[in-house]
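**Student:** Sequence:
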Amino acid sequence: MALTKEVVIDKIEVLELGQLQVRRATRVKEDGVVLSTSFHRHVVNPSTKASGSWADTDISGEDARVQAVANATWTDSVKTAYQEWADEQEL
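Each residue of the sequence shown is one higher than the one before, counting from 3 in the working numbering.
Please note that a few of the clues may not be correct.
Taking lysine to aspartate or glutamate pairs in the DMTMM-like style, the calculated list, with each CA pair at most 25 Å apart, reads [claimed, not checked]:
(1) K51 x E90
(2) K31 x E18
(3) K51 x E32
(4) K51 x E86
(5) K13 x D60
(6) K81 x E18
(7) K31 x D65
(8) K7 x D65
(9) K81 x E92
(10) K13 x D89
(11) K81 x D65
(12) K81 x D60
(13) K13 x D65
(14) K51 x E15
(15) K81 x E15
(16) K51 x D89
(17) K7 x E32
(18) K51 x E64
(19) K81 x E64
(20) K51 x D65
(21) K51 x E18
(22) K31 x D12
(23) K51 x D12
(24) K7 x E86
(25) K13 x D58
(26) K51 x D78
(27) K31 x D60
(28) K81 x D58
Because the hints were derived from the structure by calculation, they are not lab data.
Put together the whole structure using the sequences plus the hints.
**Tutor:** Printed below as a string of structure tokens:
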């Protein structure tokens, strides 16, 4: 009887303004059979505002698949649309 824990990124969703919603699944298994699964979600925005200036979001700490989706979808026009929306919302 061997218990193992597996952590995987099992879902990446691209939202309307380019935000990435990432779901991480943590599975506890016994002899390969899943006993329990829990989920954690976080959102990665295409741009980050600091000291009143916009910059590209640092995605270096994200899973390689999340980085690939971000690099494929975060065009300059997507970043600009997100920034304009966020400025309107005063985020």
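**Student:** Which numbered hints does this structure break?
**Tutor:** Hints 2, 3, 10, 23, 24, 27 are the ones this structure does not satisfy, whereas the remaining hints hold.
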